[in-house]
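Q: Sequence:
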Amino acid sequence: MSDPLIEQDDASTPLTEEERDELLLSYISLRPELNEAEQRNILQAEDWAFSRARDVLSEDFLKDLHKRMFAKVWRWAGKTRVSERNIGVEAYRITSDLRDLIDDCKCWVQFDSYGPDEIAVRFSHRLVKIHPFPNGNGRHSRTAGDLLAVFLGRERFSWGRENLVSAGDTRQQYIEALRAADNHDYSLLLAFVRS
Numbered sequence: 357m358s359d360p361l362i363e364q365d366d367a368s369t370p371l372t373e374e375e376r377d378e379l380l381l382s383y384i385s386l387r388p389e390l391n392e393a394e395q396r397n398i399l400q401a402e403d404w405a406f407s408r409a410r411d412v413l414s415e416d417f418l419k420d421l422h423k424r425m426f427a428k429v430w431r432w433a434g435k436t437r438v439s440e441r442n443i444g445v446e447a448y449r450i451t452s453d454l455r456d457l458i459d460d461c462k463c464w465v466q467f468d469s470y471g472p473d474e475i476a477v478r479f480s481h482r483l484v485k486i487h488p489f490p491n492g493n494g495r496h497s498r499t500a501g502d503l504l505a506v507f508l509g510r511e512r513f514s515w516g517r518e519n520l521v522s523a524g525d526t527r528q529q530y531i532e533a534l535r536a537a538d539n540h541d542y543s544l545l546l547a548f549v550r551s
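According to this note's numbering, the sequence shown holds residues 357 to 551 in order.
The set of hints was computed from the structure by calculation and includes no laboratory data.
Quick caveat: nothing in here was measured; it's all calculated off a predicted structure.
Hints should not be assumed to be uniformly reliable.
Distance windows between CB atoms, simulated [claimed, not checked]:
id, residue 1, residue 2, range
1, Ser543, Glu511, 12 to 22 Å
2, Arg510, Asp377, 39 to 49 Å
3, Glu374, Arg550, 31 to 41 Å
4, Gln466, Asp377, 35 to 45 Å
5, Asp468, Asp525, 32 to 42 Å
6, Asp377, Leu544, 32 to 42 Å
For each residue, glycine too, the CB sits at the ideal point set by N, CA and C.
Assemble the whole structure, with the sequences as input and the hints as a guide.
A: Have a look at this one:
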């Protein structure tokens, strides 16, 4: 029998058994219940994050944002993963890759290397590609991208106007856009974030 909390597609991050054991809400037994609990927590974190200017380009802030997004659901919220995944860099590289991303993004902003949307999209894409946390990386990276876009004077992204956790065709478009960006083609992702 399969665990109903385990993600089903190859673009999702499966949790280890130890990580699943760190679920704080004992009533949750099905994926929709988990998604709903996480979404409530995420909305509270977004209220906090967008309530005033934040230093998005900070490792401490990124960890704090993840913690605020998932701390009412998971004990590991805000802690970088220590195990390997089907997605993301090796666990030992997370800290250095995050620092490199933050430094690169600061340079993109300082030297106007790209337009504001593209800076925020590249930042969000590299953040999800690093996959620093046990789970919630996509939602975390999209929120961080939104915060950076707002900091750069733009509106939040629409991200296809659907919940990408379970929105079939829209999720597939997002994944295809991410895979194109993995190959240095950001055109699909830039179009998707404003669709």
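Q: Which hint numbers does the structure go against, in order from smallest to largest?
A: Failing hints: none at all.
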